[in-house]
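Please take these sequences and the hints and turn them into a complete structure.
These are the residues of each chain, in order.
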Amino acid sequence: MVASITSDHPEWIVGVSELSDDPKFLEEKTSVGSFQNFSVESVLFLKPTIVFATMDGNPKARVLRLRELGIPVVVLSTNTYDELRRSILLIGQALGQFDSARKKLAGLDDKIESIKKISASRAKNVKEVALLQVGSDPLVVAGPGTFLDESLQLVGLKNAVPSQKIKYPRPSMEAILQWDPSWIFAFPSTGSQGEREKILQFWNRYPSLQAVRKKHIHVVRSKYLSRPSLRVSEGLRELSEELLK
Amino acid sequence: MNKKVFFLILTLALFSIALGLSVGVAHPLDEEIFLQIRLPRVLLSFSVGGGLALSGLVLQALFSNPLCDPYTLGVSSGAALGAVVAGFLGLDLVWLGGSIGAALGAIAFTFVLFMFSLRSSVNQVSLLLVGVMLGFLGSGMLALWMAVSDSSGMYGVLQWFLGDLSRAQRSTAFLHLGALLAAVFWALRRARGFDAFAFGEERARALGISTLSLKREIILFSSLLTGMSVSFSGMIGFVGLVVPYFARRLVGSLHGKLIPVTVILGGSLLVISDALSRTLIAPSELPIGVITSLFGAPAFIFIILRGRQESR
Numbered sequence: 001m002v003a004s005i006t007s008d009h010p011e012w013i014v015g016v017s018e019l020s021d022d023p024k025f026l027e028e029k030t031s032v033g034s035f036q037n038f039s040v041e042s043v044l045f046l047k048p049t050i051v052f053a054t055m056d057g058n059p060k061a062r063v064l065r066l067r068e069l070g071i072p073v074v075v076l077s078t079n080t081y082d083e084l085r086r087s088i089l090l091i092g093q094a095l096g097q098f099d100s101a102r103k104k105l106a107g108l109d110d111k112i113e114s115i116k117k118i119s120a121s122r123a124k125n126v127k128e129v130a131l132l133q134v135g136s137d138p139l140v141v142a143g144p145g146t147f148l149d150e151s152l153q154l155v156g157l158k159n160a161v162p163s164q165k166i167k168y169p170r171p172s173m174e175a176i177l178q179w180d181p182s183w184i185f186a187f188p189s190t191g192s193q194g195e196r197e198k199i200l201q202f203w204n205r206y207p208s209l210q211a212v213r214k215k216h217i218h219v220v221r222s223k224y225l226s227r228p229s230l231r232v233s234e235g236l237r238e239l240s241e242e243l244l245k
Numbered sequence: 001m002n003k004k005v006f007f008l009i010l011t012l013a014l015f016s017i018a019l020g021l022s023v024g025v026a027h028p029l030d031e032e033i034f035l036q037i038r039l040p041r042v043l044l045s046f047s048v049g050g051g052l053a054l055s056g057l058v059l060q061a062l063f064s065n066p067l068c069d070p071y072t073l074g075v076s077s078g079a080a081l082g083a084v085v086a087g088f089l090g091l092d093l094v095w096l097g098g099s100i101g102a103a104l105g106a107i108a109f110t111f112v113l114f115m116f117s118l119r120s121s122v123n124q125v126s127l128l129l130v131g132v133m134l135g136f137l138g139s140g141m142l143a144l145w146m147a148v149s150d151s152s153g154m155y156g157v158l159q160w161f162l163g164d165l166s167r168a169q170r171s172t173a174f175l176h177l178g179a180l181l182a183a184v185f186w187a188l189r190r191a192r193g194f195d196a197f198a199f200g201e202e203r204a205r206a207l208g209i210s211t212l213s214l215k216r217e218i219i220l221f222s223s224l225l226t227g228m229s230v231s232f233s234g235m236i237g238f239v240g241l242v243v244p245y246f247a248r249r250l251v252g253s254l255h256g257k258l259i260p261v262t263v264i265l266g267g268s269l270l271v272i273s274d275a276l277s278r279t280l281i282a283p284s285e286l287p288i289g290v291i292t293s294l295f296g297a298p299a300f301i302f303i304i305l306r307g308r309q310e311s312r
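Chains R and X, in that order, give the protein sequences.
All residue numbers for the first sequence refer to the numbering used here, where the first residue is 1 and numbers rise by one.
All residue numbers for the second sequence refer to the numbering used here, where the first residue is 1 and numbers rise by one.
Hints were generated in silico from the structure; no laboratory data involved.
Do not rely on the hints blindly, as some may be mistaken.
Far from chain X, by Cβ distances over 10 Å, these chain R residues were calculated [unchecked claim]:
{"#": "1", "residue": "S4"}
{"#": "2", "residue": "E41"}
{"#": "3", "residue": "A61"}
{"#": "4", "residue": "K116"}
{"#": "5", "residue": "K198"}
{"#": "6", "residue": "Q210"}
{"#": "7", "residue": "R213"}
{"#": "8", "residue": "L243"}
A short, non-exhaustive set of chain R residues, derived as facing chain X with CB atoms under 8 Å [to be verified]:
{"#": "9", "residue": "V32"}
{"#": "10", "residue": "S34"}
{"#": "11", "residue": "S42"}
{"#": "12", "residue": "L69"}
{"#": "13", "residue": "E174"}
{"#": "14", "residue": "F202"}
Cβ-Cβ distance ranges computed for the label pairs, FRET-style [unchecked claim]:
{"#": "15", "chain 1": "R", "residue 1": "S189", "chain 2": "X", "residue 2": "M141", "range": "27 to 37 Å"}
{"#": "16", "chain 1": "R", "residue 1": "E241", "chain 2": "X", "residue 2": "F302", "range": "58 to 68 Å"}
{"#": "17", "chain 1": "R", "residue 1": "P10", "chain 2": "X", "residue 2": "L220", "range": "52 to 62 Å"}
{"#": "18", "chain 1": "R", "residue 1": "F25", "chain 2": "X", "residue 2": "L220", "range": "51 to 61 Å"}
The beta-carbon is built from N, C-alpha and C at its ideal position, and this holds for glycine as well.
Here it is in structure tokens:
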């Protein structure tokens with residue numbers, strides 16, 4: 001997200017968390033460790049002017065340690081589309097690129113609006129129900145109040161998971177059979193062919209499910225819904241196009 | 001303790017500290033990283049390792065059981081549970097890099113144990129069992145929390161379960177070192193009492209040891225030291241269990257020599273483990289509890305088997 005806002009100044013980025021690969025030039029940058037287990041020493045060694053951390057996985061104690069060491073840290077959160085918008089503007093403000101960030105955000109909002117209109121044109125009176133699978137072993141789904149749930153609503157679907165405190169519950173198969181979603185969107189961790197086949201094989205064991213009978217199981221290719229950024233519209237477009245097939 | 005053993009232990013301690021200070025991601029090393037990251041981390045590792053080892057030693061003396069360690073009495077589970085609950089309630093306050101929630105959790109579990117120890121009808125076996133059950137209770141509650149929490153919360157619990165020294169600051173390290181030195185001073189003054197416990201509580205009493213008050217002191221000191229360690233570093237297993245064993249192999253069972261050797265060995269082991277955790281998959285870090293278990297357990301098994309072969 002930071003890289004897409006500073007795309008005119010790739011040299012500003014001196015370090016990234018592991019597996020940062022979008023845009024491509026981030027693969028050449030120094031890694032400071034995984035985002036859940038980064039090295040404080042690595043960050044300090046790079047002598048950054050500012051660090052962007054995330055509430056979605058960065059260990060709080062280590063982020064606080066960076067602040068104690070005198071490094072300005074901006075903590076971002078992308079649990080909702082509003083938080084994503086605020087984070088984009090915050091990055092822009094922190095880097096003196098507010099106008100650029102605002103323009104890019106406006107572009108994103110336009111794309112989301114057009115996807116919403118397309119989705120609304122296919123929506124029937126009763127909203128179809130979908131399940132968002134985010135983990136396979138154990139089976140974990142995205143419930144109401146999550147970014148993925150909001151994405152589902154933008155394409156005109158309703159979450160099969162009823163409202164509850166746990167945002168990413170691990171439901172039993174019994175519960176899923178009762179909910180009987182008409183769509184299942186699976187978000188694989190690696191995206192490998194093997195993983196995709198495994199996911200499809202798993203669901204095909206339950207032919208009584210509407211989604212299985214109608215062949216409405218889609219293993220999402222786009223990573224942009226799982227990693228919210230300015231390219232989130234690409235993920236929404238994939239969902240929308242799948243619904244229109 | 002003969003000179004050879006003394007020299008060996010001292011060399012190990014110096015080697016571990018030198019290793020801990022010299023390895024890391026930053027090359028070349030600058031003053032800020034050395035003073036703000038490496039030095040506090042090495043000091044805290046040494047202090048926590050020494051503290052856990054000392055805690056294990058005195059508990060093994062109390063229960064006359066070499067399988068006792070700081071986790072036996074459930075205090076570390078209490079500390080981890082305290083940290084997790086505090087985080088869940090949005091009260092995960094940190095002071096000097098240590099979790100206040102963890103400290104309170106440790107104190108709560110210690111209080112329960114201490115109240116049990118006040119009862120003269122509660123013998124060592126009963127006390128040990130209460131501690132084990134408290135440990136199961138704490139672990140069970142942590143597992144429950146993991147089952148109902150979101151994945152980001154679960155990772156936070158795992159970090160507590162597996163140990164993390166990345167929060168080390170100089171103030172933290174010196175505070176813990178101070179507590180360790182106080183505990184060592186206390187333990188050395190009670191060395192005779194620990195030696196007497198080896199013959200059983202009744203015989204120890206016959207030797208003039210006030211076993212009831214010593215029992216309470218051991219619970220209090222070891223629990224507070226363990227709680228403090230967990231508060232700063234999460235749960236690091238294995239050190240309190242096996243370091244006293246290695247120390248006995250080197251200098252025998254008299255606690256006057258055993259106490260300082262155990263502390264130095266425990267500290268050195270954890271410093272080396274921390275150096276490995278920081279470098280094996282750099283720039284990411286392995287949880288330190290993984291290192292102490294993965295390397296320590298096979299080494300321990302090897303030493304025991306070798307010891308059995310030699311005794312045949």
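For each hint, the structure was consulted:
1. In this structure S4/R is separated from chain X by more than 10 Å, as the shortest Cβ-Cβ distance comes to about 23 Å.
2. Distance check on E41/R: its Cβ comes as close as 5 Å (rounded) to a Cβ of chain X, failing to clear the 10 Å threshold; non-interface status is violated.
3. A61/R, annotated as away from the interface, has a beta carbon of chain X within 10 Å; the closest lies near 5 Å.
4. At roughly 28 Å from the closest C-beta of chain X, the C-beta of K116/R stays outside 10 Å, upholding its exclusion from the interface.
5. Non-interface call for K198/R relative to chain X: holds, since the shortest CB-CB distance, roughly 20 Å, exceeds 10 Å.
6. For Q210/R, the non-interface assignment is confirmed: its Cβ lies about 27 Å from the closest Cβ of chain X, beyond the 10 Å cut-off.
7. With a least CB separation of 31 Å from chain X, R213/R remains clear of the 10 Å interface cut-off, as annotated.
8. Non-interface status of L243/R relative to chain X is upheld: no Cβ of that chain comes within 10 Å, the nearest being about 27 Å off.
9. Because the closest C-beta pair between V32/R and chain X is about 5 Å apart, less than 8 Å, the hint holds.
10. At a threshold of 8 Å, the smallest CB-CB gap from S34/R to chain X is about 5 Å, leaving the interface hint in force.
11. Hint on S42/R holds. Least Cβ distance to chain X is approximately 4 Å, under the 8 Å limit.
12. The beta carbon of L69/R is positioned within 8 Å of a beta carbon in chain X (closest approach about 6 Å), and the interface hint is therefore held.
13. Residue-level restraint check for E174/R is violated (minimum Cβ-Cβ distance to chain X is 17 Å; threshold 8 Å).
14. Given the 8 Å rule on beta carbons, the hint for F202/R is violated: about 19 Å separates it from the nearest Cβ of chain X.
15. Between S189/R and M141/X the C-beta distance comes to about 29 Å, which sits within the given range of 27 to 37 Å.
16. Separated by about 60 Å at the C-beta atoms, E241/R and F302/X satisfy the suggested range of 58 to 68 Å.
17. In this structure, P10/R and L220/X meet the distance hint of 52 to 62 Å, their C-beta atoms being roughly 58 Å apart.
18. Under the hint 51 to 61 Å, the C-beta atoms of F25/R and L220/X, about 58 Å apart, fit the expected range.
Of the numbered hints stated above, those contradicted by the structure are hints 2, 3, 13, 14, listed in ascending order.
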